[in-house]
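Asker: Residues per chain are reported as follows:
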Amino acid sequence: MRELTYTAATREALAEEMARDATIFVVGEGIGPRGGNFATTVGLYEQYGPMRLRDTPISERGFVGLCCGAAMTGARPVVDFMFLDFILDAVGELFNQVAKVQYMSNGRLKMPLVLRGCIGIGNSAATHHSGSYYPIFAHIPGFRVAVPSTPYDAKGLFKAAIRSDDPVLFLEHRSLLATKGHVPEQEYVLPFGQAAVVRSGKDLTVVAIASMVRKTLNAAEQLAGDGISVEVIDPRTIAPLDMETILQSLHKTGRLLIVDETFAPCGIGAEIAAQAMDRAFDDLDAPVKRLNGAHTPTPYSPPLEAAVVPNAESIAQAMRDLLAE
Amino acid sequence: MTIATTRATHDRLEPDAAGYLALYRQMLIIRRCEEQLVRLYQAGLVHGACHTYIGEEAVATGVCAHLTQDDAVFSTHRGHGHALAKGVTPRELIAELLGRVTGCSRGRGGSMHLFAPEVGMMGTSGIVGPCILQAAGAGYTFKLLGKPQVGVAFFGDGAVNNGAFHEGLNMASIWKLPAVFVCENNLYATEIAFSYAAGNPSVAARAEAYGIPGVCVDGNDVLAVYAAAGEAIHRAREGDGPTLIECRTYRTRPHSEGMRDAGYRTQEEIEAWKARDPITQFSAKLLADNPAGDAAIARIEAEVKAMMDDAVEFAKNSPFPDPATATDHIFSNHA
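Protein chains in written order, with the numbering used here: chain A, 5 to 329; chain B, 131 to 465.
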């Protein structure tokens, strides 16, 4: 069984797609000969040259707007932001142009644009290299948002992102990039909007996103020692969001916890909770609970940084608290 | 009624005789269509904003005369003229402002969001600046795919103080993209004078900062625009990279219909520019050059009048979109 790192899996997906479709090009800072700050494009510049591996000036708004025009005219751009924090310079182009072109043209224009970047808190990266921000994009009509947590999912969803005619945010949590997992050699593509039940259980449903999936599995293992059976669901994409899988699990367990590193207010957990109450009120044996990263800019010093992110212990505690409701 | 847009074969700097008449006809189509839209606005039939292009017709006409439907135009909130010059019919434009399903954006856009990719009108925007980046992006596609097309952006003087101008022109320069950036400097960004908003009174001079050619022309002289655009588009198609063209022009109506038009410019200034009307000036030249021009002009006048009567009738008689379609096409696989 072949194992690849998360980054090697997306790199293989990109290489495969670039080989089969000459309209794909990548833009970003240091994605040419350097091969990407996170090694996302290593080896591709030598193969495809500067038109398809385009190093950019530090002009995030500019190259996102440029890629919008390129996508409208028959190319399939992949924007590599390095750190997703840098996307914020381009939000006007994304919200007002990229997300709206298909609708405003009544479906006569497509927007095959991938926006990838490293998200998440860790390594004392501090507040301009730690953001995730995905709930904001899920709020806007017109975006698809993928947050894979394993190398297998990352490869399959990245290929789907590149083949999609919609703008896709493909977000890679820093703590996952070097993790290894099974990635088959034969080609596969994973659909958006299909959650994975990554651990089966009967007492409690936990929806965990991106880096929280592993931490939640660790916490679930702790609780298993006490005879508590936790079901863990990884949505894999939050737009579209597979509520059906979540509601099926809730029907079985009666209790729902959402664990997410991003902010709680107006977040993806709030959306899942609202939908659960709206569509499955009779299944609930306890209030829906959320465990989020602190609603704060991200601090630098290790003890401060650790204090703003859920960990296996706080997740385990949140599970026990919910079971005690 | 279909419109056979006349695109004469011609030298890139100087149109032939048929080309002269084609330029006149195109400017007149824009003018008469805008006049219809003003009336329709005043009659309460235009539901939202209406930014007219009256006074600036020579710019869109002189540039688009060099383009085919495969070239990509991106424009701004004052985009009616660009859409018409690129091949959107008056029927589709008027119907769009009347909110009808037969409009070029099927009633989703109105005055500021005109989409007709079938003729290379890739969109106008209510935000100034993005069109510059998108035109560069179209140029990127054409270069990547080895196509001879160009991307063209039309924008006002307001947009050149926006970061998109800086980032877009710089990227187009370093990657030698087949793009043309056409600034319609009409002296005011809504009511803020360019002389106030910019430390350097020349837009064209900024080109040097990006290492690309910059030219400034009389934007009310369609032949001057035609020549400058012909050269720029030729350069772009030849792989020699982008050009910035500053066209000095003027809108003789308010920023948007229904808005006040006082306090920031004088009546004398407006009258002085009206005296330099691009269509009147050009028809005088046509007549001076061609004693038989009278008949040709009269014929075009009659044709354009009939075209507008038809377009207004068509738009008024067109249905509104079905409310059940209000959330269609947010994504590519959606109905």
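Hints are not guaranteed to be accurate.
Each pair of labels, with its calculated beta carbon distance range [stated by the list, open to error]:
| # | chain 1 | residue 1 | chain 2 | residue 2 | range |
| --- | --- | --- | --- | --- | --- |
| 1 | B | ARG390 | A | PRO54 | 24 to 32 Å |
| 2 | A | PRO37 | B | HIS177 | 50 to 58 Å |
| 3 | B | VAL168 | A | VAL95 | 43 to 51 Å |
| 4 | B | ALA425 | A | ALA26 | 30 to 38 Å |
| 5 | A | GLN279 | B | GLN199 | 41 to 49 Å |
| 6 | A | ASN100 | B | ASP200 | 22 to 30 Å |
| 7 | A | ASP282 | B | ALA436 | 21 to 29 Å |
| 8 | A | ASN100 | B | PRO384 | 40 to 48 Å |
| 9 | B | GLY341 | A | VAL46 | 26 to 34 Å |
| 10 | B | ALA402 | A | THR300 | 28 to 36 Å |
| 11 | A | MET55 | B | LYS415 | 51 to 59 Å |
| 12 | A | ALA130 | B | ASP452 | 30 to 38 Å |
Keep in mind the hints are simulated off the structure, nothing from the lab.
Small disclaimer: the values here were computed from a predicted structure and weren't measured.
C-beta: ideal position from N, C-alpha, C; glycine also.
Asker: If a hint holds in the structure, say so; if it doesn't, say that too.
Answerer: Hints, verified against the model:
Range check, ARG390(B) to PRO54(A): Cβ separation about 51 Å, and the 24 to 32 Å hint is violated. Distance hint for PRO37(A) and HIS177(B): a CB-CB separation of about 53 Å, consistent with the stated range 50 to 58 Å. Distance hint check: the CB atoms of VAL168(B) and VAL95(A) are about 36 Å apart, inconsistent with the given range 43 to 51 Å. Evaluation of the 30 to 38 Å hint for ALA425(B) and ALA26(A) yields a failure: the beta carbon distance comes to about 53 Å.
The hint said 41 to 49 Å for the Cβ distance between GLN279(A) and GLN199(B), and at roughly 46 Å that hint holds. The hint said 22 to 30 Å for the Cβ distance between ASN100(A) and ASP200(B), and at roughly 26 Å that hint holds. At about 57 Å, the beta-carbon gap between ASP282(A) and ALA436(B) misses the expected band of 21 to 29 Å. The given range of 40 to 48 Å is broken by ASN100(A) and PRO384(B), whose C-beta atoms sit roughly 25 Å from each other.
In this structure the hint that GLY341(B) and VAL46(A) lie 26 to 34 Å apart at CB holds, the actual value being about 32 Å. Taking 28 to 36 Å as the suggested C-beta distance range, the pair ALA402(B) and THR300(A) does not conform, at roughly 59 Å. At about 44 Å, the beta-carbon gap between MET55(A) and LYS415(B) misses the expected band of 51 to 59 Å. Checked against the hint of 30 to 38 Å, the C-beta distance between ALA130(A) and ASP452(B) comes to roughly 52 Å, which is inconsistent with it.
Hint compliance for this structure: hints 1, 3, 4, 7, 8, 10, 11, 12 are broken, all remaining hints hold.
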